[in-house]
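Chains as they are written, first to last, in our numbering: chain R, 5 to 1039; chain D, 83 to 202.
Don't take every hint at face value.
[To be verified] Only pairs whose alpha carbons sit at most 30 Å apart, straight line, appear in this in silico DSSO-like list of lysine-lysine: (1) R:Lys941 x D:Lys126; (2) R:Lys443 x R:Lys488; (3) R:Lys448 x R:Lys488; (4) D:Lys117 x R:Lys941; (5) R:Lys984 x D:Lys176; (6) R:Lys833 x D:Lys126.
[As the list claims (entries may be wrong)] Among chain R residues calculated to face chain D with C-beta under 10 Å, some are: (7) Met827; (8) Phe837; (9) Glu874; (10) Ile877; (11) Arg895; (12) Asp945; (13) Tyr947; (14) Val1017.
[Said to hold, decoys possible] The calculated label-pair distances, taken between Cβ atoms and stated as ranges, are: (15) D:Phe191 x R:Lys984: 15 to 25 Å; (16) D:Ile198 x R:Arg999: 32 to 42 Å; (17) D:Ile198 x R:Asp811: 55 to 65 Å; (18) D:Asn143 x R:Arg999: 38 to 48 Å; (19) D:Asn143 x R:Val556: 52 to 62 Å.
Everything labelled a hint here was simulated from the structure, so no lab data went into it. Quick caveat, the model's predicted, so the values are computed rather than measured. For every residue, glycine included, the Cβ atom is placed at its ideal position computed from N, Cα and C.
Chain by chain, the residues run as shown.
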Amino acid sequence: MKKVFKRLALALLALLLIVLISVGIAVWVVFTPERLTPIVRNQALKYLTCKTDIGAVELTFFSTFPQFGLKVSNLNLVNPVTGAQSDTLFNANEIVGIIDIVALYKRNELVVNEVSVANGSINAYIDTLGASNFSIAVPDTAAVEEPADTSGMPFSFIDIERVSLQDVDVSFVDKSQAMQAGVKGLTTTISGSLAADDLKAHLKVDKANVFFALGKDVFAKDLNVSMDVPAEVNLSTQLVKLTNAELAANGMAVTLSGTVQNDTIGKRIVTDIRYDLANWSIADVMALIPASVQGYVKGIDVTGIVASSGTVKGAYSQTEMPFMDIRLQMQDGTLKYYEAFPLPLSNINGDISLSTDLKDDAASILRIASFSASTPRSSFQTSGTVNHLFSDISIDLTSTANVTVSEFKSYILKDMNVTATGNVSGTVKSKLTLSQIEKMQLDKMRLSGSLTLNNFSATYDSLAVKTSQSKVNFVLPNPNASLKGAGFAAVTINTKGLEASKIDDFTARLLNTLVSVEVSNVTDESQKSGGVVWAKLNAGEIEATQKSNARVFLKNASLSLNATGFADSTRIPSVSCTFSLDTLFARMDTLDVAIANPAGTLSIAAQKDSPKQPELSVDYTSGKLFSNIGSATAGITRLALKADVINDSSQQDIFLQWMAKGFIDMEQGRITTSSILYPIEIPSIKMDFDPENFNIKESKLRIDRSDFSLKGSLNNVLSYFRHDSLLRGSFLFESTKTDLVQLMVLTSGIGETEAESADTVLSGPYMVPKGIDLLLQANIAEATFGDETASNIKGELRVKDGLMVLDGFRFTTPAARMQLTAMYRTPRKNHLFLGLNYHMLDIEIERLLQMIPQVDSMMPMLRSFKGKGEFHIAVETYTDSLYNPKKSTLRGASSIKGNNLVLMDGETFTEIAKTLRFDKKTENRVDSLSAEFTIFKQEIDIYPFLIVMDKYKAVVEGRHNLDMSFNYHISLIDSPLPIKLGVDISGTMNNLKFRPAKCKYANMYRPASRRAVESRQLELRRIIREALLSNIRED
Amino acid sequence: MKRIIFYLVACISIVAFMTSCEKEDEFDQALLYGKWVSGTVYYKYISNGTGTTWDTSEDVNEEDGQPFTWTLVQADLTHIHIMTVGGNVPKYYKVTELTASTLKYEDDFGVSYSFIKVTQ
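Construct all of the structure, not just a fragment, from the sequences and the given hints.
The following block contains the structure:
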């Protein structure tokens, strides 16, 4: 077996040797360059018109093994043309061609196994007239005579396995088009085959340095191009198919796959191309930009790495554009373009896709998977989509930024006087269109985001705002509206510290505060709600100051607000506010207010029948309250207030403008003021009220030693202010102790006109309120009026239309049981009426004179008596504004009655006793005394009255004037003497004159012999006494 | 002597008799109706027996006048001043002259008053 193989191997070796020897003979002996070169030169002269230099032509085998090749050395085509860049049209150091002779000869197939050109150059030139230097072929006149077959190829099959150029310089100048193009060192390989209409080709450019210019515009210079382009072409359909074709310029490669077809029927180019490029340096790309268009990118300094991939599908014609789906990625980019953006950008990274046919607006979309960039101190990034690129651009972006505000101060107009510093970071989602921005159609935009402000401050003119840290969340529209209609927008501000101020005016500070606001679209007039606002505030501390005059401080404040219809100009908006605080402190000028735990609700709404008139509702409670105005202070332990208030702005009177219904519940109030000597303590006030009625369920007041309790109701309040009715009231006034002077001070001046209003201090006359009818039932255990004290006071105080009446007041003083009816009327400030109807029972006459010293002036002889009696007096007068009596108006009537009185010894008594010859041992006892006297102007008339003493009976009468002059008469009607004597006493207290006189009333107490004068006097006494006693009320 | 005493007693009796039977003056009260003034003091008598009085020297005007009732019986003029707080102040005067323009009276203490009529 081995022998067989051995013999076969030897046979093949021998055969190979024979072939090689034959080839060697053919190459080196038969077809030598000396024989072939002339043949080729002759043939060149036949077909070329230009000068042709051919160095040598030789047959190759071993260098082109296993094919025979034809090698031409030093080929040079010279065609001098004026203006051409070179006389040499073509030259090459070496040209090798390998053609399958057998296929060409036997099957009419052009099989080019290899054509290679090495180290050559091509200089093509077209002059301005269109004449070229490469029109060197001898015209083929025979071809004209033969019918041309233009429908088919001259070969049944063409296969170009390899055409290569090695270091070939190509230059093309077309002066008719002002174009220059050149390739240096072109090293390329072309292969392909053509069968029927199908062309398969493979172009590979390993090296090419490209230059291209049109006119003076250089579009490519030193452009190192490489290619690896496999392609399939169907000539009949003009379809080109690329598979992973690679093109590169200056190292920037792009890979193409797909088809391109020239649709001659549709007159369009149909593409289905995919491309990929990676790691392109933007600086390199920028360098490729022709100098002619460098102006467009002047000032732009951009770097970075970009990559892109995409497809181009569809037809291109005058009416069509292929659909492009392009993805662009960028890494580590930088940009300096100060004309458009004042800051350098760095760390630019992006992944952006564009899908468009440049025509179909609906199908065109820009997708930003991510895009981020940084300035020296800021950064931002965004992602999302941009639609409708060719009409109303629509964006749907999510953007995040971390901005150092001061970096962007150049964006602020200098004349706006705005400054800003600090940091703003956060994310904003936006979905809106360009037209919405231009038209500010906020209701159609979709915006949301969260921004955090750190150490941020901004000023605008005199306004300033700063925050240590605040977070602002917003959404537009608001998907989770807390109040129906408030779906337009929502904003939440959460701040650790925020301060807003106006220079030399106010400052407001918020600490640890959360503010949420939701609103409706106030610009949308079609909304039935007419504007809705919902707001909620939770603040750790709020402080607002205005210069040094006013300050408000709130601690742990919570507030919620609902408002609807505020944009409706046809009606009052509906507003509801609920609030609660731990502490509220306010100061304005000399007014300080501090409130603990104030809480409540406040609502405002339009009235049903009057949409432009507000209706208010207040429900308020608070703990301790303290306030002071200067030296005046007010304090409350607890306060509850609930009120419904209806406003009627058409009314003139402030009370009629604001009609309230509700209640007040207050405890432990205390008021001090310099105008009132003692603090006013208010243990409790509970009161219901409505526009017509005030119902005081409980009210207690304490002033110094006085304490008051008032219950009752005040009615016709509204009617009173409308001047339809008297203000009526009925109250029960109880007190364990009352200082009447203090009470008068407190109520002075109510109801007076402004010109007549009294001060809080009773500096002028006390003016009784007008237009009111108040009844005060008093039950006072003890009352003082100046130095006088009374107890068990029961009676009624009525104040009615300028008249104040103490009606039937019964009380007890240390001196007597008393009943007092007093009247005080103030028709005019200088014409004041004062009247008393005073009944004192079981009173010591001595005490009576102490209590009412004026009685001593009226009836001076009383000071001579000692003992108990009863005293009735009615006296009235008008006074001027200083309470000086107008004597012409003085009226009075009095009745006094006593038994077992003791006549005090004294000079007067001694003189009388001496004149009447009293027994010196007689006790000065008066068995009975009953007298009446009247006061009229300055005259005090003592009507004749009987005194029984010792063995005497005497009748005394007379006149006593307020100027302290006397004119008395004493008739001694019974005595041991046989005659009736009389004595006249006249003069003054310092100069009394006693004269014996006729006994004027000898028969006064003898009815049978009484004279008319005596009867008349008794009748007048009866009239006086009965009129007085008729006023006494039984307990 | 007895005759002398008799004539003396008779004379005294006649004088006494004549004195006690002195006829008082009688005045027409219709003349009293109207407004009378004495200095700054005014009295206004109304036919129904009421009246008012005021003194303008103390800023008291007619509308501020204080009420009284009055009677005129022969020469006895009685004013009963009515007090607002209850109670009456009677004043008695003896009229000495009453004409259409003049009114004069005096009280028990010899104080005289003279008025002239201002209006009817």
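Hint check results:
no. : hint                            : in the structure
1   : R:Lys941 x D:Lys126             : holds (17 Å)
2   : R:Lys443 x R:Lys488             : holds (26 Å)
3   : R:Lys448 x R:Lys488             : holds (18 Å)
4   : D:Lys117 x R:Lys941             : holds (19 Å)
5   : R:Lys984 x D:Lys176             : holds (27 Å)
6   : R:Lys833 x D:Lys126             : holds (25 Å)
7   : Met827                          : holds (5 Å)
8   : Phe837                          : holds (7 Å)
9   : Glu874                          : violated (15 Å)
10  : Ile877                          : holds (8 Å)
11  : Arg895                          : holds (5 Å)
12  : Asp945                          : holds (8 Å)
13  : Tyr947                          : holds (9 Å)
14  : Val1017                         : holds (8 Å)
15  : D:Phe191 x R:Lys984: 15 to 25 Å : holds (21 Å)
16  : D:Ile198 x R:Arg999: 32 to 42 Å : holds (36 Å)
17  : D:Ile198 x R:Asp811: 55 to 65 Å : violated (42 Å)
18  : D:Asn143 x R:Arg999: 38 to 48 Å : holds (43 Å)
19  : D:Asn143 x R:Val556: 52 to 62 Å : holds (56 Å)
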